[in-house]
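Order-wise, the sequence lines are chains A and B. Residue 418 in this note's numbering sits at position 418 of the first sequence, with consecutive numbering throughout. Residue 525 in this note's numbering sits at position 525 of the second sequence, with consecutive numbering throughout.
Source of the hints: derived by calculation from the structure; they are not laboratory data. Among the clues, some could well be false.
[Unchecked claim] Cut-off 20 Å, straight-line C-alpha distance, at most; resulting in silico cross-link-like pairs (SDA-like, lysine to any residue): (1) K231(A) with S111(B); (2) K119(B) with Y213(A); (3) K241(B) with R87(A); (4) K241(B) with A458(A); (5) K227(B) with A401(A); (6) K119(B) with L316(A); (7) K245(B) with D83(A); (8) K95(A) with S111(B); (9) K227(B) with Y213(A); (10) K356(A) with L512(A); (11) K231(A) with R103(B); (12) K241(B) with D83(A); (13) K119(B) with G201(A); (14) K227(B) with R87(A); (15) K512(B) with D374(B); (16) K564(B) with K241(B).
[Claimed, not checked] Here are the in silico distance ranges between beta carbons for each label pair: (17) R450(A) with Q409(B): 17 to 27 Å; (18) A220(A) with K512(B): 23 to 33 Å; (19) D118(B) with A317(A): 38 to 48 Å; (20) P164(A) with G456(B): 52 to 62 Å; (21) G514(A) with G572(B): 41 to 51 Å; (22) A536(B) with A401(A): 34 to 44 Å; (23) E461(B) with A401(A): 42 to 52 Å; (24) E315(A) with P419(B): 52 to 62 Å; (25) T237(B) with R450(A): 21 to 31 Å; (26) G476(B) with A220(A): 28 to 38 Å; (27) S546(A) with S427(B): 51 to 61 Å; (28) T237(B) with L68(A): 16 to 26 Å; (29) E549(A) with S427(B): 33 to 43 Å.
Remember, predicted model here, so these are calculated numbers, not experimental data. We put the CB at the ideal spot given by N, CA and C, even for glycine.
Okay, here's what each chain looks like letter by letter:
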Amino acid sequence: MKRIFSYLSPYKARIALGLFFKIAGTVAELVLPLIMSYMIDDVVPTGDILALSLWGGGMLLAAVVAFLGNVKANRMASRVARDTTERLRADLFCKTLSLSARQADEVTIPSLVSRLSSDTYNVHNMIGMMQRLGVRAPILLVGGVTLTFIVDPVLALVLLAVVPVITLIVVLVTRRGVSLYTRLQRSADGMVRKVRDDYSGIRVIKALSKGGYESASFRAVNEEVSRCETKANVTMGVTNPLLNAVLNLGMAAVIFIGAYRVADGRAMAGDIIAFTSYFSIILNAVISVGRIFVNMTKGSASARRIDGVLSLPAELAPLPDGAAERDENETIRFEHVSFSYGGAPALEDVSFSLGKGESLGIIGATGSGKSTLIALLLRFYDPSAGRVFLFGKDIRRYGNAELRKKFGVVFQSDFLMAASVRENIDFGRGLSDEAIVRAAEYAHADEFIRAHEGYDGALTARGANFSGGQKQRLLIARALAAEPEILVLDDSSSALDYRTDAALRKSVLTRLRGTSVVMIAQRISSVRFADKILVLEGGRVAGFGSDEELMRTCAVYRNIYASQHGGEGGEHACDQ
Amino acid sequence: MPAISESAMTGDRLAAGKRREVVARLAKYFFSYKWRVLTAFFLMLGSNAFALIGPWLSGLAVDAIALEGGVDFAAVSRCCALMAVFYVVSSAFSYVLSVLMIRLSQNIVRSMRQDVFDKILRLPVSLMDGMQAGDLINRISYDIDTVNASLSNDILQAATSVVTVAGAFVGMALASPVMLCVLLVTVPVAVVITVVRSRTVRPLFRKRSAKLAELNGFSEEMLSGLKTIKAYGEEPTVIEKFCAKNTDAVDAYYASDYYGSLIGPAVNFVNNLGMALISTAGAFLYLYGFVSPGGISSFLLYSRRFSGPINEYANIMGEIQSALAAAERVFRLLDSPEEAADAENAAELTDVRGAVAFEHVRFSYDGETEVIRDLSFSVSPGQTAAIVGPTGAGKTTLVNLMMRFYDPQEGRILLDGAPVGSYTRSSLRAAFTMVLQDTWLFEGTVFENIAYGKEGATRAEVERAAREAHVADFVGMLPAGYDTPVTDGGVNLSKGQRQLITIARAMLSPAKPLILDEATSNVDTRTELLIRDAMARLMRGRTCFVIAHRLTTVRNADLILVVKDGDVIERGTHGELLARGGFYKEIYAAQFE
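Can you build the whole structure from these sequences, using the hints too?
Put into structure tokens, the structure is as follows:
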């Protein structure tokens, strides 16, 4: 909550001005019954018709002031809410993008999605309402109570006696409400997760005829959300009737005691009428408070969730750029690198280095740590031990943007947007058309792009209107387009047939001379071109060297080779 | 009304018709809980009636105080005691009522959410491919939440308003008919303001929902590409786009607020105007002895009761508008076409033998580019057919057609001699076991993901399948073994491991024709060798379709179809095709280059 208030602080002046208008409007409204009571008690007995008409006109004026003040104030409040939410949401989005991979894994993507959408929405509602009704209602309350003091302090004290009771109710219910709404939002994350999940798995679900199962498992999530929401709302729902009852009881007490004061001649009947009139203002204010109350509670639960993300410490911040100038004689160097995602180690004591202009092939069994190595190279995570160097400089000494600009990457399950082919290849880098087309040609994608709808043809979400192999080639085109210093292809040709794969490799190697290639692959034929091949086995280095060296020295490598070439019949084992 | 143009009139009437339709559909959900609605109605009547007696009693009390001959204490205390009782009962009623309404609206939104989710599952794959996950999430969360807020609060408030207004009206009429006439002057003004304003505001709320949905869709999409965005250092571009959409969204919100926020004060103004009129008139009336001070008191209390709800109504108008806009979006999704219904006499496919035939099939996804031109082939039960060819040649499309994710424009596909269209979709799909290129795991545990293949699979069965598919090899490394949750970031499982899990899933499912679409493309070749025996056992005696480009995996097939540019250009066994020396031989040789 504190952070949300800090977002409001630049608008202090505007809020204050709005508050002023609001107070003016509200006070004008409060003056109305005061005038009325004066008219009945003091003016009427004199029978002065002119005075009566003037006072009537005064009431009219007050009504106009109330109208103008409230409209102006409401609009200013909306503006503050808009500007605050805009900044808060933008900051949350920036922060989300800057989270380290570990942090994002921890909060989970579905939860981030719902924090960005429904939580910021709740806060928007809260800020708007807080100023609009949240100012008006307390003023009406305080004003109403103050006026009752002017009319008759003793009676007002009776009414005031209920204040501690009301405060207690409000505090207790809010405290409970915030935790209930927090739980509700958390259960809503589950719903987001389920929808995202099934959206991407719809083919499998249909193929396995699991519609019924999925529907039932959504029902469980749905019921959980519903249970949380019912509980939260029922708890919050207590406030209004309770406040109503307490206040009305207070009112009955006022009339009862008022009777004695009138009998004693210390009060007049008109006072009691005015009193009841103020009282209904107070009551209406309390009803409004009940409404904002729910919003506030919901909003602060959401604000906490937003704050939870915003206050995550910045991880993977660059170290001060110390000594060690760029060393052109080496590209990548891993020095005793170990890493774990939290369970068993994914990489253990990995060391190797790559000279200038050399390309690297990485091969190894499923789950041997190939992709993890890439994640460390791009500094999505920091190793738990050891260091990674790029061009002779510890990668932690690069700025994140500086580091990543050196790479062109295709991940295993990479991301295509619902946008044009051009935008997907360009990916916001503002590349020239020639560069884009050239990259597509190198990636052997130009042909099918043109056969499809050209570079301005649109991809549907996740690129569903392209085949698996075509998607991979679009991604490769993206990686090539900016002619990066290092091109990382993480098993990104698995959906390509051998011919296309071989042709693609050839064009990458011949056309992009200044680029070092790091390629992860399943097939020896895909990596044997590389100057150095790293063989991973269970997170450890099982071999490092050229194809020729490894064939001589590395059993694991030979083993893999045999599985691909000599496995059956063997007649093609040395087919070149 | 000659001043209003024809088109504006019809446009408005159209919108009004649509709104009525939305309201009617919401009402249908509502009235499926007849008894609760009825109970709620009576509770509301009771609660309001009791609350309305209050001002009447306080009027009596004031009169008893203002008696010429001094205060009638007995009457005052009686009135006060009664007031206390009535208010407490009224509050109790209103709490019970609000609980009832919360439960009622929860039931409604729960079934709406379920409807939306079930609808998503029934959408044709072709339609789903064109949608964004964020859009669906937005509808199932934000839109339905908005409807919910409206159902649980606004409807109750609106209904209460009607009753209170009616009750207060009667009360005022009893207290002072003359003053009522004065007040009534202001009522039409309030009504006109509300109606005119809400008409202006309605399209603004619709826009507000749409813009917000767009923003949420965008952020969902970008967050699913988080890793790539970072790898390319594209945060600034994405943030810039986000900010533009964010500004649009908050501006749309502001616009609806700007006009919406006028309603409350405007109606309040009219009320205050009424109060000024009544007070002045009341003063004159009192002056000439037409009305007692108690009369003025209760009249004023009633008039507050009268104006309060109207004012509230004006406040909740905005919320109702946005709820209607949201409901409209939900209904639009519910109304989108589903997979065409099964043929009327569609049969349940029970004992599938596995004879598959394509007869002159032509297919195109977009109606323009033909993916499959004129494809015919047949596979006998128990045979293994392999489909090979360059990427984009339409291999996966064959699976889409066989499973009826899409239907061909021309030609027929036969299963066991009958067109696939003559079976129910669910039984047709259940008749195949698939391992697809896209390795989909849901966010459950490893155990649950494997067990997904077979209803009621036991631990032992799952573990056996896991051993065969060599999932067991890495499960031991996971923090909680089989009970390790599979997370969406997928950091804890590599793509190859995911694929092995889907293979284990297939191994668990009972013997049926098998479709392997690049089933081992992400598995390293040594592991592939390890699971080869298990795969062979899996394939034995079943009709199998193997789509692969790693040609070593297809050489034992009974029939190899070489697909290129939408046509089968070569067919035969591995030996025959090599001997022919055509395209197959070429791509076979390429893998050893």
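Measure nothing beyond the straight line between the CA atoms of K512(B) and D374(B); if it is 20 Å or shorter, mark the hint as holding. At roughly 27 Å apart (the allowed maximum being 20 Å), D374(B) and K512(B) break the hint.
K119(B) paired with G201(A) [C-alpha distance capped at 20 Å]
holds (15 Å)
query: So the hint says 52 to 62 Å: do the beta-carbon atoms of E315(A) and P419(B) match that?
result: holds (58 Å)
ask   = Would you say the C-beta atoms of T237(B) and R450(A) sit inside 21 to 31 Å of each other?
value = Between T237(B) and R450(A), where Cβ atoms are some 26 Å apart, the hint holds.
Given the hint that K231(A) pairs with S111(B), test it: the Cα-Cα distance must not exceed 20 Å. holds (18 Å)
20 Å Cα cutoff - pair K241(B), A458(A)
holds (18 Å)
K231(A) and R103(B) were given as a pair; does the straight-line alpha-carbon distance stay at or below 20 Å? holds (10 Å)
So if I understand the rule, the pair passes when the alpha-carbon distance is 20 Å or less; does K119(B) with Y213(A) pass?
Holds, at roughly 14 Å.
- request: Starting from K241(B), check that the Cα of D83(A) is at most 20 Å away, please.
  value: holds (17 Å)
- prompt: Should the hint that A220(A) and K512(B) are 23 to 33 Å apart at their CB atoms be regarded as holding?
  reply: Once the Cβ atoms are compared, 29 Å apart, the range 23 to 33 Å for K512(B) and A220(A) holds.
- Message: Against the 20 Å threshold, does the CA-CA distance of K241(B) and R87(A) hold or violate the hint?
- Response: holds (14 Å)
**Distance restraint hint 28 to 38 Å, applied to the beta-carbon atoms of G476(B) and A220(A)** = Given a distance of about 30 Å, which is inside 28 to 38 Å, the answer is holds.
Consistency with the previously given hints fails for numbers 6, 8, 9, 14, 15, 16, 22, 28, 29, ordered from lowest to highest.
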